[in-house]
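J.: Sequence:
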Amino acid sequence: QVRLVESGGGLVQPGGSLRLSCAASGNIFSRYAMGWYRQAPGKQRELVAYITTGGRTNYADSVKGRFTISRDTAKNTVDLQMNSLKPEDTAVYYCNVNFDDSYWGQGTQVTVSS
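Residue numbers (the working numbering): -5 to 108.
Hints listed in this document are in silico derivations from the structure and should not be mistaken for laboratory results. Please note: incorrect hints may appear among the correct ones.
[Unchecked claim] Keeping only pairs whose Cα atoms sit at most 20 Å apart, straight-line, the calculated EDC-like set for lysine to aspartate or glutamate is:
no.	residue 1	residue 2
1	Lys80	Glu40
2	Lys58	Glu40
3	Lys37	Asp95
4	Lys58	Glu82
5	Lys58	Asp95
Throw the hints in and build the complete structure from the sequences for me.
T.: In structure tokens, the structure reads:
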């Protein structure tokens, strides 16, 4: 059983930054691709960014140039650095990994508002 725990969400003003972190039980980040998703009220969950085991990254068009996904092997986390935040980034953010099943964390709320 894989357990994912997100942290780092909060309330931030437009233009601000937050860093989300996803910690996992077991050393899975070095073996599987990881993704960050988000779900805003009344909307479907969408992929924000993912990182492969080789370090290749991909981003949703809406966050390109503002968000950066990275893997910290020492801490066994996958982080999402979010800069230049906009009100439309407001959502619950989840990390995800897929191998024998699809695993999700409980989510962390990000609210961008003045």
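J.: Are Lys37 and Asp95 close enough, with their CA atoms no more than 20 Å apart?
T.: This hinted pair is violated, its Cα atoms lying about 24 Å apart.
J.: Is the Cα-Cα distance between Lys58 and Glu82 20 Å or less?
T.: holds, 14 Å
J.: Quickly compare the C-alpha distance for Lys58 and Glu40 to 20 Å and report which way the hint goes.
T.: holds, 14 Å
J.: Are Lys80 and Glu40 close enough, with their CA atoms no more than 20 Å apart?
T.: Holds, because 16 Å separates the two Cα atoms, which is no more than 20 Å.
J.: For a C-alpha distance cap of 20 Å, please report whether Lys58 and Asp95 respect it.
T.: violated, 28 Å
In this structure, the earlier hints numbered 3, 5 are contradicted, and the remaining ones agree with it.
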